[in-house]
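> Sequence:
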Amino acid sequence: MNQVTQRFLDTLCTHFEGDIDSSDAARQVFSTDNSIYQREPQAVVYPKNTQDLIHIATLMQQEEFRQVVITPRGGGTGTNGQSLTDGIIVDISRHMNRILHIDPVKRTARVQAGVVKDQLNAALAPYGLFFAPELSTSNRATIGGMISTDASGQGSCRYGKTHHHVLELSTVLIGGEVLDSKPLSRNNWESEISDKSEHQQALYRQLFQLAQDNQEIIKRSFPVLNRSLTGYDLPNLLTEDTFNINNILCGSEGSLGFLTEATLNVLPIPKHNLLINIGYTDFQAALRDAKALMALDPLSIETVDSKVLGLAKQDIVWQNVARYFPETEVPTQGINLVELNADDPATLQQLKEAFLDHLKNDNSVQRLSITVAEGSTEVKHVYAMRKRSVGLLGNVQGEKRPQPFVEDTAVPPENLADYIAEFRHLLDSMGLDYGMFGHVDAGVLHVRPLIDMKDDSAEQIIRKVSDKVVELTHRYGGVIWGEHGKGLRSGYAPTFFGAAYPLVQKVKGLFDTRNQLNPGKIATPDTIPTAKLIDLTAIDFRGKRDKQVSPKDWTEFGSMMHCNGNGACFNYDLDDPMCPSYKVTRNRIHSPKGRATLIKEWLRRETVQQNSDTFDKEVYEALHGCLSCKSCAGQCPVKVDIPDSKARFLERFHTKHPRQRRDSALANLEKLLPYIAKAPSLYNTLQANAWVQKIQREYFGLVASPSLHPSCNLRWSDYGAILLNRDLSNLPAKATGVVLVQDAFTRYFDTDLWIALLRFLAKLGVQAYVLPYFPNGKPLHVHGYLAEFEAQRAKNEVILSQIQARGLPLVGVDPAVTLTYRQEYRRHYGHIEPKGNFHVQLLQEWLTDWIKDKSAHAMTQQEYYLAAHCTEKTQVPAAPKQWQEVFAHFGLNLKVLNLGCCGMAGTYGHEAEHRSQSEKLYQMSWAEKSRQHQDKMLATGYSCRSQVKLVEQRRMKHPIEVLADILP
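Taking the UniProt record's numbering, the leading residue of the sequence shown gets 1, the next gets one more, and so forth.
Hints were generated in silico from the structure; no laboratory data involved.
Quantities reported herein were computed from a predicted structural model and do not represent experimental measurements.
Using N, Cα and C, we set each Cβ at its ideal position, and we do this for glycine too.
Check each hint, because a few of them may be wrong.
[As the list claims (entries may be wrong)] With beta-carbon atoms standing in for the labels, derived distance ranges:
1) ALA856 <-> ALA123: 15 to 25 Å
2) ALA346 <-> ILE99: 32 to 42 Å
3) ASN49 <-> VAL224: 36 to 46 Å
4) ALA688 <-> ILE99: 12 to 22 Å
5) GLU40 <-> GLY558: 51 to 61 Å
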């Protein structure tokens, strides 16, 4: 950090209520977004309120700090480096994220800039309202970020862009004044600003004069598009009726001031909608057809090519949408998703029939399939697949990955098919593979060429493609940035602004005389003739650092190395399992994206021998906060698996740094339990002792240790089960039934579950065989004892493979432990290669197969609610539905609850430093529903039931316990 910036931060902190972080870890995490670039800031500050922003802006004007540059940041998912800087980042999202007021009568909402779009819509939903511009990143995009890029997405032909829904803005200007702006009457605007400061009145006068004097230049320079030339929107600054400087601020990418609050126009939620999903023989046919379909006035038409569709089939979302995209004899090469909506079902039905009649009678293109998704739930499922397109493209195999740099071009929709044909010819001629998806109704198609950014040719390819696409879009009457802002592509701004570019520079100069706010983006101030826009390739690409990581490490750490910053892990939804540690801390260091960035940088520094103890420990702290729940591995479109990388990191880290006292005990807990269980009463008595608890808390950092079940040493034969010998000598040659795999946690702490399972199987007439107890090794893996983990796996593989060879199903009880046999057991950690040939099923997987040829029970009125384990529902998306099928077979109705993390996650909730956060996580999502449904709520995970017992002082049942009780 340079001395001026350090003095600035030192001065700032005397009046600052928020947080200031200049740690190496923070600077690394904020050095990337969802673009190809990497630019390291000097510090990150997190204002708590508008007053904090005023302090920042006031200091910036002081002469000694005129060289300090600052860039505001919202969700940090920009695709063009909009919020990357080598100065100071001001992150609005951590603290300034409150919805201030909703007026359902006037249909307005007042929000702070850090509010997430889906957060706002969840609050608006009870009033039947929503904030219209629809984004694929809606679960993490902040309103401030949307305004700053003038974001838009699906449905923009009807709903417009963000600026169409901005009524009022509050912006902190350099110098510390707060500018409250709204549309003014063109004829009376001067009287409407009489209460403003002299500085602000002068600003209004200069902007009005600029727009009034240059109308002809402005009209000639700005193309007429649905996705118009965003940022410094001079055509809409001054119209026949209004003078609205909000249209200058919208799309300005933080280069004119700090957006703090906004009043937004909100709309009634469409009452009824459906999607018509059409498959085509080739992608150009989909584009051509969309042009004709627009004449039928749908709400929107979204398109996806075969590459994205193929990747979706391998993703968690496919479970809900497969039926809408049937396999056809000729492979589907493109799809259109056509949305229709209406205020009443009859009108919607008429629209649907008219649309389907058109498709039936029109033979201008060959359509392979036509399906209809009806109802908001089904429509959301299909759109969830479309929303994941960006991330899905990042999950292609190999080192060539889709890169965003020409991916939001916009042309008049009537030109789109011809334009894309030329675009594709360009990429094909260069031998580049690519994926495409987008909003064909608006003439926007997202195109991402596949490039290995570690290759020395990457810069040349990006320059050549960008130059050609700029030429192409210009020729077709479009722009290169129709949706995702300019950012580090701003070097092309003079090309598109044309004769109006000096006017744009004048605007920049009026707000930011010294070029301190996000400099080099969109425009340079006219007050500094020497200031330059940042050239396309002037900032380092991520690949420059990536290629410094050793090839061995790059391969070993797998999908994590390909994190593209799409930000799916920043999901605000508390009832979604994705990354609980980010949700509870609101610290991006504690997100999968943050952790992936840090591990990658740590590996790079190891390779070039630049690591320091300080940075090592910062990376350790970031990973120490990970719950190892594996939600990232299931929900991240790129399948970034932080728990796996965490285990690999810990193994290496602890060759140089000592472990905590408790690590060995926790990692070997599975081995110790059979010995401890020989005297359960004594163990439980000790655990209840205050002195023992104090020693465990202060010396080992452990709290709330669970008690052994009084019947943990159960006799299997009492319940009709046969405990197998290690050599399987007591397993009959032609045995039938099921082989149960014990896990330490349900076996010794929650033995009631095992008793219920054995009772249930006996009632079904299924012979239960139980494998002798052996440690699974999951705690070893979680704590980075990988050599020991692989040694344990090698022992277990022998008996598991022998059972598999006998043709008997292997079934586990606890989801997290069971899935270890299917995931971590298949991976190589550098010590002993996996050799096993076996498959351990989840209980419900085996049960759904067992009931297929059995008569179902009559339905009853009994209703239960399922809380599926995070690991289970994100790694095996069909798992909750399978439990529903099983319950339905036995005459019970089971509803699956939308829940986030319970907060326990193995030992996380028992670690003293995490207990507070563990309880906060429980309160965020579980508490209300647990108390609402009481004994009707069932949990599949031992950790989840353990957390409920700890917090609520009551035991939550497993689904199998209900089934065991209802069978006669």
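> All hints are to be evaluated individually against the structure, with a verdict given for each.
Here is what the structure says about each hint:
Take ALA856 and ALA123: their Cβ atoms lie about 42 Å apart, and the range 15 to 25 Å is violated. As the Cβ distance of ALA346 to ILE99 is approximately 35 Å, the hint placing it in 32 to 42 Å holds. Checked against the given bound of 36 to 46 Å, the beta carbons of ASN49 and VAL224, roughly 41 Å apart, stay inside it. For the pair ALA688 and ILE99, the supplied restraint of 12 to 22 Å is violated, since their beta-carbon distance comes to about 45 Å.
Checked against the hint of 51 to 61 Å, the pair GLU40 and GLY558 fails, with Cβ atoms roughly 25 Å apart.
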